[in-house]
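Using the hints, position chain R against chain A.
The listed protein sequences correspond, in order, to chains A and R.
Numbered per the working numbering, the first sequence spans residues 1 to 360.
Numbered per the working numbering, the second sequence spans residues 361 to 671.
Think of the hints as simulated: they come from the structure by calculation, not from any bench.
Be a bit skeptical, because a hint or two may be false.
[Unchecked claim] Simulated pairs of lysine-lysine, DSSO-like, Cα-Cα distance not exceeding 27 Å:
(1) A:Lys340 with R:Lys639
(2) A:Lys105 with A:Lys44
(3) R:Lys639 with R:Lys431
(4) A:Lys346 with R:Lys552
(5) A:Lys340 with A:Lys179
(6) A:Lys203 with R:Lys583
(7) A:Lys263 with R:Lys583
(8) R:Lys518 with R:Lys552
(9) A:Lys225 with A:Lys105
(10) R:Lys552 with A:Lys263
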Amino acid sequence: MILLMTGASGAFGRGMVRALANCAEIEKIYAMGRRNAFDFSSSKIEFARADITEEITIPDEIRCNLSAILHAAAETRFSAPLGAARRVNVDGLANIVALASRCPKLDRFGCLSTIYVAGKRTGQISENELEHTAGFVNAYEQSKFEAEQFLHRDAADLPVTIYRLSSIFGDSRTGAIVKAGAIHQALRFFYHSFVPMIPGTAKSLVDLISSDYAIAAVSRLFCDKFEPGRTFHVCAANDAMPLGELLNAARGCFLRNRPEWRKRAIEMPALVELGTFELFVRSVEEIGSPVLQQSVDATKYFAPQLAYPKTFDDSECASTLAGSGLERPLLQDFFPRVVKHLINEKWPVALDIISRCERI
Amino acid sequence: MNIGLEAIEYVLPESRRNLEELEAAGALETSAHRLREFGFEYAFTSKEGAFDLASKATAALFKNHDIEPEKIDALFYAGAIASSHSVNESREFLSAFNYPACRLQYDFGLLNAIVAGISQTGCMGMMTAVKCAADFLAASNAENALCVSADVFPHDAKREVIYNLISDGGCALLVRKNATRNFLRAHRHITKGYYWDCVARRNEIIAAYFPTAYNIIRETLAKTRTELDELAWIIPHNVSRRSWEILLGLLGISLDRLFAENISSIGHIIAADNFINLKDAADRGKINRGDKLLLFNFGFGANWGCMLLEH
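Looking at chain R on its own, in the form it has when it is part of the complex:
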């Protein structure tokens, strides 16, 4: 069984603002100068809701990859923040049950797809969705699972979370049982509930981030006896380039194996960075058939996730 990520599409909002514009708008906690030193430059902000971005990404996936809607067996919808899991919120209490996953199923005619939402893993949402999809395919006769993620920060929210510049965005991808690329070779997910209060434990989270990341990456590779030097690329989540320098320093991996192009140009798209970067790295001809790719992610909760793919 070669479960893999067969196709990926994403959408970014039209509005792109640089650090100085964001600083002038009071959207940063840290100075623009410092965030630039940490590797950031632009953030995308959406006037549309998360569902609209999710819908556009899904439409692009179906259009560009000739996928038959009725062959989708499951839809896993990921969103990091609570507002991403409801469509057209109104004062009517019941509108909290207006789930975007169900609406996507209807809008795109996914008649045979069961749906589920993935929340409470923060920026790990899409990676968690992919793992759920892979496990679902492995445990059933199902062939195809769709994973969709979108988050849009509230208009009045800062565009920075713990020294990372945040963009809105949506992503959709197809996990296929008999895929032709991006085979899922290993995965590991660690949750540490001690850090559940991301406001009170902000500093401890920063300190815990590195050693846990170091360990989960090594443990993920150990599952397939893969050595660090066998990795062609590290496909990151777009937290600061500086934090990647530190993490790769811990691991003893050269920074030139990090696909870091999108950190400055896009910023951290909450739950979908790894997969947006995977698509861009492939589209830009950076990845060759058979390359081993390491995807690492972190989400509040706190959650650490790591995935080993073979392109």
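Bound conformation, chain A alone:
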């Protein structure tokens, strides 16, 4: 298998490329990314700098021999404006699809997506569902939804399979994070007394997965179990943690790993209806405090998902991976490890304002 993978210079993509390089079936990986070349320490991997928002041109000798494309490049910032998100996630995908349609030996096209294409839907979300009119919490969700629509509509003749990932929290074994995301920022703000409220209830489920599981699952589904036309939820599914339990677990980690944190007597965030949360966000925006603004920004683009309770069904993914020996690490088990890592590494999460806060 000769593979072209986009998004290879991203935090998740780098791990993905390394995992794919270990697949015996893969002879060569052309890893494309926006950033500078990385040393992947594998003769299988050849890195090329490329921007998927522009037309993708690759040498004919590579194009004609490509048998697989894994599209991982994406605008994943929840705060990105819709235009910017579409530019990468829809228009960029179209450029890759155009390339794919010119690859005569292509027999598999994998596209990473998100379980949150479900947007504001509630209830059980199946892997074979996409269309809905419930709306979206942020532009990232909407653009990935539109990207999936594009694949169904304009890439029907390609052997496409979609991998919808949950939010990646960290490595289940070491606790290391691949990239500081909104959830990590929100935890840091909670640690520093800046999260007064979260929309949702104690029972609202928070679906997080470990980076090692996400990489291994996509790798196996793509290399060993590929079937065109499938959609897989790579998520915590029934192991998602209730919000109340997750916040208690976070607080427990703070106390265990920084006993002096207790002195701050920081309250658990109140769990509120979405309207109250939005009123608070609006008030912070109106008073114009940069510090508070940053704290609400850390939650306002994703936390409203919790006000739309849903569970993600992953039975297609689970049955396909059954017998592969891959076990999904339990969120309850690795969540404390990741939080401990965040604390011990002094919150490797880029938030300027927190630097002013007392460090403990």
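For chain R alone, coordinates are given in the frame of chain A:
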């Protein structure tokens, strides 16, 4: 024992200024437009000192409620800012010991009253004084305790604290062991010293305000197994109406149960809002006998306080 708030009086300064006047005078940090959106309209500013306002409120209490001065067993004097705890400050160092509580005791002939000052709980001062008075009455043979509070901001100070419009004012109230109204059913006070530096921790205080308020209100009600829907009125401290919308949203209480009339017309009288509002709500016929009233307050320090009364 039915300890309750038997009588309340308050005084406001003569000078009332609207938001535009305050903005023009450079007394605001936030625009008048924004503060109006947050529910404010007027602030009262005093040319008199805090003691004068305290004295006038006390005089009104004695006059209007036929209280015998010598039957007062204790006087708890609350002031949020340091200048409220000294009368006629001069360059003479010893004048810092010129306590307003002692002068009130003398001026009003409270011969049997012991006195104490309540400070360092910010806008929680009067609520703290009431709790001290109630505990004093419960623990002794005493029958009546007077609580007095007054604060006047310095002339050059802004009239806004963390997006709240501040008024000067004074309040006096009588806590009685065998009261006929406003029985104190539950009280809770939380202090979080982490927020002691109100300048450096300003934003954290705003963030901490809501979840702590939410919890203390629920904990106070739990003491008497009172449900939120049993409350007839929320008697607020006059911070922004917007913040009350958020807090009541957290609690799931309808905004129409908030006695909010004074937020725009008076503003936030530092330590006495709850009790001024309680008096006005009663005088305006809003409260019926037996109504359960929730008083919530916050003061720098940081302190959160909550009181459940039965009218």
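With a cut-off of 27 Å on the C-alpha distance, tell me whether A:Lys340 and R:Lys639 pass.
The hint is violated at about 52 Å.
Proposed proximity, A:Lys263 with R:Lys552 (alpha carbon, max 27 Å)
holds, 9 Å
Holds or violated: are the alpha carbons of R:Lys518 and R:Lys552 at most 27 Å from each other?
holds, 26 Å
Starting from A:Lys203, check that the Cα of R:Lys583 is at most 27 Å away, please.
holds, 26 Å
A:Lys105 and A:Lys44 were given as a pair; does the straight-line alpha-carbon distance stay at or below 27 Å?
Roughly 19 Å separates the two Cα atoms, so the pair holds.
Straight-line Cα separation of A:Lys263 and R:Lys583 no greater than 27 Å?
holds, 25 Å
Is the straight-line distance between the alpha-carbon of R:Lys639 and that of R:Lys431 27 Å or less?
With a Cα-Cα distance of about 23 Å, the restraint between R:Lys639 and R:Lys431 holds, given a limit of 27 Å.
Sort out whether R:Lys552 lies within 27 Å of A:Lys346, counting only the CA atoms.
At roughly 24 Å apart (the allowed maximum being 27 Å), R:Lys552 and A:Lys346 satisfy the hint.
Given the hinted pair A:Lys340 and A:Lys179, is their Cα-Cα distance within 27 Å?
holds, 16 Å
Under the criterion that the straight-line Cα-Cα distance not exceed 27 Å, is the pair A:Lys225, A:Lys105 satisfied?
holds, 18 Å
Hint 1 alone, counting from the list given before, is not met by this structure.
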